[in-house]
Amino acid sequence: MLLSKIAKELGLSFDGEDIEITGIHTLSEAGSVQISFFDNARYKDQLSQTRAAAVLCEERYALLLPKETRVLITDEPYLKLALASKLFAYNISTKTSTPSLGKNCDIDKSVVFGRNVVIGDDVIILANCYIGDDVTIKAGTLLHANVSIYHHCEVGQNCILHSGAVIGSDGFGFAHTKDGRHVKIYQNGNVIIGDDVEIGANCAIDRAVFGTTYIREGVKMDNLIQIGHNCDIGAYSLFAGQAGIAGSTKVGRNAVFGGQSATSGHLNIGDFVQVAGKSGVTKSLEGGKTYAGFPAVEHKEWLKNQAKLSSLLKKFKS
Amino acid sequence: MLLSKIAKELGLSFDGEDIEITGIHTLSEAGSVQISFFDNARYKDQLSQTRAAAVLCEERYALLLPKETRVLITDEPYLKLALASKLFAYNISTKTSTPSLGKNCDIDKSVVFGRNVVIGDDVIILANCYIGDDVTIKAGTLLHANVSIYHHCEVGQNCILHSGAVIGSDGFGFAHTKDGRHVKIYQNGNVIIGDDVEIGANCAIDRAVFGTTYIREGVKMDNLIQIGHNCDIGAYSLFAGQAGIAGSTKVGRNAVFGGQSATSGHLNIGDFVQVAGKSGVTKSLEGGKTYAGFPAVEHKEWLKNQAKLSSLLKKFKS
Amino acid sequence: MLLSKIAKELGLSFDGEDIEITGIHTLSEAGSVQISFFDNARYKDQLSQTRAAAVLCEERYALLLPKETRVLITDEPYLKLALASKLFAYNISTKTSTPSLGKNCDIDKSVVFGRNVVIGDDVIILANCYIGDDVTIKAGTLLHANVSIYHHCEVGQNCILHSGAVIGSDGFGFAHTKDGRHVKIYQNGNVIIGDDVEIGANCAIDRAVFGTTYIREGVKMDNLIQIGHNCDIGAYSLFAGQAGIAGSTKVGRNAVFGGQSATSGHLNIGDFVQVAGKSGVTKSLEGGKTYAGFPAVEHKEWLKNQAKLSSLLKKFKS
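Chains as they are written, first to last, in the numbering used here: chain Z, 1 to 318; chain A, 1 to 318; chain U, 1 to 318.
I should point out that these hints are in silico values taken from the structure, not numbers from a laboratory. Treat the hints with care, as some may be off.
As the list makes no split between identical chains, a pair holds if one copy fits it or if it spans any two.
As the list claims (entries may be wrong) - Straight line, CA to CA, 25 angstroms or less: simulated DSS-like cross-link-like pairs of lysine-lysine: (1) K178 / K44; (2) K220 / K304; (3) K308 / K178; (4) K250 / K300; (5) K44 / K109.
Only chain Z is shown next, with the shape it has when bound in the complex (with noise of 0.2 angstroms):
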């Protein structure tokens, strides 16, 4: 869509050189024809450095971005980015196409496809299954009944994916306006599952906003477990039971979560951590240790001062 028309659409002025815009990305990830935007003071200084053709932001913001990046100036750019977001939005239908299919495959015949569906060998589909436009799933992979995987989402190779699993749900994002309603960022981006993962019943990947959800290769995931969106998954991790990891949080390889642990947002947790059930993580991890609590300290610490506080209470006469 040509910038022009894009700027047209969200009510936004635009006299610059005109472009045909592809998508949206953040601004250190977008390319030479995609947009983005600036609203969270955080990102300040990736102004100067980005690549994208235009950027939603403040006026008083548009003097640090690159002389050659056009400039889409509003109040509002969160809010100009959900509607932006609308215009990139995949539009999602019923049409189904007959999917490209590996050798060996058994794929029950109440299974639905979307178009341009590729299978490898050997994979089992069990029946209700859904799998949408533009999927890839790799040989050797086995999904029970009632999986839903979206469209444009990739499973790797030798994967299980448990009934009612639900692989690229739109991650939860919105603007919000001054009155109070939400305006939905329509999410973009994809889920890759890499190789060897098995995925539990009624558990939910969000696709990303923009990029890409990644569960790395050999993770395995119990039950009911909820991944957000722009998550990246390590390799052979592994979650215990109704675990959640919010999103856009980066976990390094073979960490471990216990069940009814959940991160926040926007954390990097380090290789081999362990999180204990229950805790819940609000700040990114160093890698190699045992954590514990809410909000999670190291596991030791939050032992002794278990210890120490049952000891205080003791004593304590009221």
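Given chain Z, put chains A and U in place with the hints provided.
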């Protein structure tokens, strides 16, 4: 069903003026052709105000009812209510019929409709959804694959329901026998979802026992969220992943619930309340404030207590 | 499969008397045509008592086995167990056949049945359910739409399974290689659900690794609950929304679990135990009492501690 017949089915005596009864409701909500019950001293004041045709209650409370109210005397009113609820339970079946479809709908051919379904214009329903009897889905709404909507529920305009979402499953309500068995209270109410609501993957929104569970306009839910029966979720409220609201809790407008937070049942959560992730709300909350912890307190108090506790533990030599 | 062949597949030497092996089980449960394994000093006393045909164990423990027990010596018994489990894994496929149906069943035509399914009288199964091979569903049971039941599971009489419920998904069990990869322990057991059980929307009940996960008569579960493999959930127990019971935990009769509560694995929860919402149970619990907190303690102790702590924090000037 005639009240005399209901009494007979419940093994209770009744010799007043007979009347055709159409359903069951609470003391405060029951109308002139419904029966009600009294089992909780908390609602004693409602006895004299009820407009119910008849009330299940212990003999000693019968005098508190309006003169014209018929009484079904029982030592176990809640258990009798449970048995009565079955008499009015909806007759679940696989009967189907062609829905009334608006213009420009895009419905996958695998979708199964019960009877008397009404679908507005421009509705999209992807594969393997189930839409129960007497469901209404308004214009512009999108159902992703594998959504289940139970009978008699309503979904507003321009909603998005993600895969695996379940709307209208039975609320969790049982009477208990003296020997410890649980007798189902049939959940004869429904769910009404307002306009512009988004429900995440694998959420479960229970139908009301009587009346309606409301999800008001503009509410946005992330994945794996549970809303108990008879909740009323205020407009524009937001729920992060794996949050849970227990039955009969009323949430104001523009409330925000963090990931894995929860409330007890029968609470009142004020407008613009924010509840931090992992918090457990056990009491009603005044509007416009932020709360945290378990049991949840005001966030600033929680922070102060956390700081004090940390300082206390540092000083303490066990 | 001949034991000599199993040994060969695992790369282990075996030159004892050969025997046809039918499966794998624990030291205490394995029968005379099953193999077992020893990997945890906690079960050392069981070595001398086992009736297993053969045991995977380290050389130093071999002498503790009964004289007649065959031994497969390995430095990595748990990893070899995982590899062996695959040899006995059920061959998942989309093969279907007509189920054996009782009288007066009402089955939606979109329901997919595996082979050898037996359905009792008066069973209702709504749209898009999947019923795997060798499943039995007894009389009077109702399955709402989009339920998935894996092969070899049993559901009792007069049960209600709500939409999105998954029965018999794989338990979460892996052996770990020295370089941090996870090798699946195939979950070759099943789930047996007793009579009068209700399973809420989007619950996940995992099948046993060996033997059976039991949900006993009259258990009632709210939505989004996880039951780990090999649990034994006692009769008439109640689970509020989003509760989770980790693998191999045994729950007594008439236990009550509050919303978002959880237990660790391998615990014994006594009869009539009540666990408050959000609690985390890390130790076995004596019956007949109420518990709260994390780690969970007796509720009255928790209340006393909460009061003391609150009083302590009030007095403390940081």
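Hints violated by the structure (listed by number, smallest first): When the structure is compared with the hints, numbers 2, 3, 5 turn out to be violated.
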